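Chains A and B, in that order, give the protein sequences.
Take the first sequence: its letter number 11 is residue 11 in our numbering, and every next letter is one higher.
If you want our numbering, it's the position in the second sequence, counting the first as 1, plus 315.
Incorrect hints may have been included.
Claimed, not checked - Okay, the calculated bits of chain B under chain A, using three or more residues with CB under 8 Å as the criterion: (1) 510-522; (2) 621-633; (3) 681-692.
To be verified - Covered by chain B, per the in silico footprint, the following chain A stretches (three or more residues, Cβ under 8 Å): (4) 93-104; (5) 196-208.
As the list claims (entries may be wrong) - Here are some of the chain A residues that sit facing chain B, going by a computed Cβ distance under 7 Å: (6) S17; (7) S85; (8) L86; (9) T89; (10) A110; (11) R119.
Just so you know, these hints were derived from the structure itself, not from any lab.
None of the values given here were measured: they were computed from a predicted structure.
We put the beta carbon where it would ideally sit given N, CA and C, even for glycine.
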Amino acid sequence: MRHLLSAGDLSLAEATSILDVAEEMHTIQSRQIKKLPTLRGRTVINMFFEDSTRTRTSFEMAGKWMSADTINISTKGSSTSKGESLRDTMLTLDAMGTDCFVIRHGSSGAVAQAASWVRAHVVNAGDGTHEHPTQALLDAFAMRRHFGTVDESGTGGDEVFAGKRIAIVGDLLHSRVVRSNVLLQRTLGSSVTLVAPPTLLPTGVEQWGVGVTSDLDEVIEGADVVMMLRVQRERMHGGFFPTEREYTELYGLPPQRLARLKPGAAICHPGPMNRGLEISSEAADAANSLILEQVTAGVSVRMSVLYHLLGGSPE
Amino acid sequence: MRDLLISGARLADGSSGDLGVSGGRFVEPGDVRDAERIQAEGLLALPGLVDPHTHLREPGREDAETVATGTLAAARGGFTAVSAMANLDPVTDTAEAAEHLAALAARTGSTEVIVVGSVTKGLAGEQLSEMGLMHRSAAGVRMFSDDGRCVMDSLVMRRALTYAKTFGGVIAQHSQDSRLAGPGACCHESEISGRLGLPGWPAQAESAIIARDVQLAQLSGGRLHVCHVSTAEGVDVIRWAKRRGIAVSAEVTPHHLYLGTREVEGYDTTFKVNPPLRTDEHIEAVREALADGTIDMVGTDHAPHARQDKDHPFDIALPGMLGLEQVLGVVIEVMVDTGRLDWAGVVDRMSAAPARLTGSATQGRPIAVGEPANLVLVDPSARAVVDRDASASKSRNNPYHGRDLPDPVVATIWAGRITYRR
Chain A
1 MRHLLSAGDL
11 SLAEATSILD
21 VAEEMHTIQS
31 RQIKKLPTLR
41 GRTVINMFFE
51 DSTRTRTSFE
61 MAGKWMSADT
71 INISTKGSST
81 SKGESLRDTM
91 LTLDAMGTDC
101 FVIRHGSSGA
111 VAQAASWVRA
121 HVVNAGDGTH
131 EHPTQALLDA
141 FAMRRHFGTV
151 DESGTGGDEV
161 FAGKRIAIVG
171 DLLHSRVVRS
181 NVLLQRTLGS
191 SVTLVAPPTL
201 LPTGVEQWGV
211 GVTSDLDEVI
221 EGADVVMMLR
231 VQRERMHGGF
241 FPTEREYTEL
251 YGLPPQRLAR
261 LKPGAAICHP
271 GPMNRGLEIS
281 SEAADAANSL
291 ILEQVTAGVS
301 VRMSVLYHLL
311 GGSPE
Chain B
316 MRDLLISGAR
326 LADGSSGDLG
336 VSGGRFVEPG
346 DVRDAERIQA
356 EGLLALPGLV
366 DPHTHLREPG
376 REDAETVATG
386 TLAAARGGFT
396 AVSAMANLDP
406 VTDTAEAAEH
416 LAALAARTGS
426 TEVIVVGSVT
436 KGLAGEQLSE
446 MGLMHRSAAG
456 VRMFSDDGRC
466 VMDSLVMRRA
476 LTYAKTFGGV
486 IAQHSQDSRL
496 AGPGACCHES
506 EISGRLGLPG
516 WPAQAESAII
526 ARDVQLAQLS
536 GGRLHVCHVS
546 TAEGVDVIRW
556 AKRRGIAVSA
566 EVTPHHLYLG
576 TREVEGYDTT
586 FKVNPPLRTD
596 EHIEAVREAL
606 ADGTIDMVGT
616 DHAPHARQDK
626 DHPFDIALPG
636 MLGLEQVLGV
646 VIEVMVDTGR
656 LDWAGVVDRM
666 SAAPARLTGS
676 ATQGRPIAVG
686 EPANLVLVDP
696 SARAVVDRDA
706 SASKSRNNPY
716 HGRDLPDPVV
726 ATIWAGRITY
736 RR
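Bound-form chain A, shown alone (with noise of 0.2 Å):
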């Protein structure tokens, strides 16, 4: 593997095995000393032309954990095409001997297009409204292992996948997670459901291969995982829908909805959450929610797309 731009590049032996080396970090997770020797002497950038606090916190442990020089860049990326080129900026910091670039940006296909530049391996950490890989991964491995634990059959195997379903609720439009979901579960065997208002619906998105509906109450019932997105607050004044109550009202998860899934059920959510908007309290901090498993999960998944790039001979 050269880059890591999107999910759907991902074979299921990939997939699979970037899944299985996350369980081996996961354990580091937890042991007093977290620090192994793999990337000693490489140095990966993570740049950050967008603002992130999570995902760019846990990419630099991720990194430090494997012992790699890791150095944060946090550039407002220009909005518009008067300041340096994108292609300079990349070409600049690649010719100083980078390993590896973990990229953020607010632009759909600038790391991509970041990737067809330099000479170094690039992970997409997130592109504009396109993909946002590792997310997808992390959510892969909580999810697995919240299922192993159910069907008590383990953590090991991509055959928990098989026939799970997946509901993902909210504003699918301007969501990175959720084309990444798509593309890896499609790959990883579940059956994934879409749920957004119809304005909150990509163009085409029927052809996506999975189920799409406006009625959240139609899939509660059946869900096995529960992902709820958030919802921007620049989104609301945009006109895509009427009031927050309505929309928690529709496409929120209270109470009584909570109380609707079925027993074993997980409740994922990206962060940052609304809560009171798209998730309330009483489904965020619930015993089925896997919230802040997704966050550790997003380290140990993280250490292993890294390794699964730059552990091996160098190219």
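Assemble the complex: chain A is given as a structure, and chain B must be docked to it using the hints.
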């Protein structure tokens, strides 16, 4: 300027024979003296092509294109006239700016340059620019366009159409509803935009404005030209308007005839253009419309950009692509070789119709004794793989790079002078 004797060329009507050129006009072959001979056996002689829609970037962005390089690229593409769009710096919104551009073109151009004035001052969409003074200036402006931006205000558009009537002016509209397709919109709204996470530009953002404008043309009695029609819906509205006798004409670009939305899947900003590349049903609709005359002409929308303006994320990079040098090859590929358009049709769509639109007396004329000697010699069977570095343009945002296309232009003659010869 030496006389020319062009031997053996075939004309679009099928006839063939020798052509004499002297004093900038076609003359009887026997009336040339000390003529330079051009062997044109097996070649087709067409009237020089006329582009109703060109971005020359001078004054303002001479690093991307100049009148000299843009018109040289045009000559290589078979053109003897191009129309310089007004979105320059300064904007062509005064008689002085129009005359400056006309004088610059007279000094450095390899083709005639038809000056297009802006509709509104500074392209701001609010106050009408000095259309009357631009018309009366030495530049003789007849076409007005805020191209690059849509005249969104219905009342401003109505007034522009009405005002330009007094001197036979035409308003060329960039049809884009800026609410339905806002500044970030950069990909045809489709399964592809949804998958790539790129802001969508729906077909209806074009057709809604065309529908409004044809009715304003009817209301005002003014003349409307629709720039770069890219959608089946837009074509439908124009067809409806023409049936009603509304004074509307339309153009289609070579890239909307040839390239589809799929090109943007790799986020290559060479393929970012406004309006965006559309899907198959739209491509089919604009081809059909160009064949049946609903779309009157081809306009290149040749839009050179410096590399640094393209090396940005897709939603931020500047939109636009080159077209002058490849347009005839594209039209042969998708219209002539497929039997949709014969050579007389090509002459109409690429020379006569745009000359009528821009009110040019010297362009788009037949190849006949006494007429201005504007001519392109064409080898319809020649093909080549396009090399963007072989361009006369200063810019390299050529979407045809690496593609095997007809490479028909053998020589171009403008007002009796050879401006390009292979």
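Tested hints:
1. Counting residues of the region 510-522 of chain B whose CB lies closer than 8 Å to any CB of chain A gives 5, so the stated coverage by that chain holds, three being the minimum.
2. With 10 residues bearing a CB less than 8 Å from a CB of chain A, the region 621-633 of chain B meets the requirement of three and the coverage assertion stands.
3. Counting residues of the region 681-692 of chain B whose CB lies closer than 8 Å to any CB of chain A gives 0, which falls below the minimum of 3, so the coverage claim is violated.
4. With 0 residues having a beta carbon nearer than 8 Å to a beta carbon of chain B, the region 93-104 of chain A misses the requirement of three or more and the stated coverage is violated.
5. With 6 residues having a Cβ less than 8 Å from any Cβ of chain B, the region 196-208 of chain A passes the three-residue criterion, so the hint holds.
6. For S17 (chain A), the shortest C-beta to C-beta distance to chain B is roughly 26 Å, which exceeds 7 Å, and the interface hint is violated.
7. Given hint, S85 (chain A) at the interface with chain B, holds; its Cβ is 4 Å from that chain's nearest Cβ, closer than 7 Å.
8. Checking L86 (chain A) against chain B by beta carbon gives a least distance of about 6 Å; that is within 7 Å, so the hint holds.
9. Below 7 Å, beta-carbon pairs count as interface contacts, and T89 (chain A) has none with chain B, the closest being about 10 Å; its hint is therefore violated.
10. Interface hint at A110 (chain A): satisfied, since its Cβ lies 4 Å from the closest Cβ of chain B, which is below the 7 Å cut-off.
11. Annotation: R119 (chain A) was flagged as interfacial toward chain B, and the flag is violated, the nearest CB pair being 17 Å apart, outside 7 Å.
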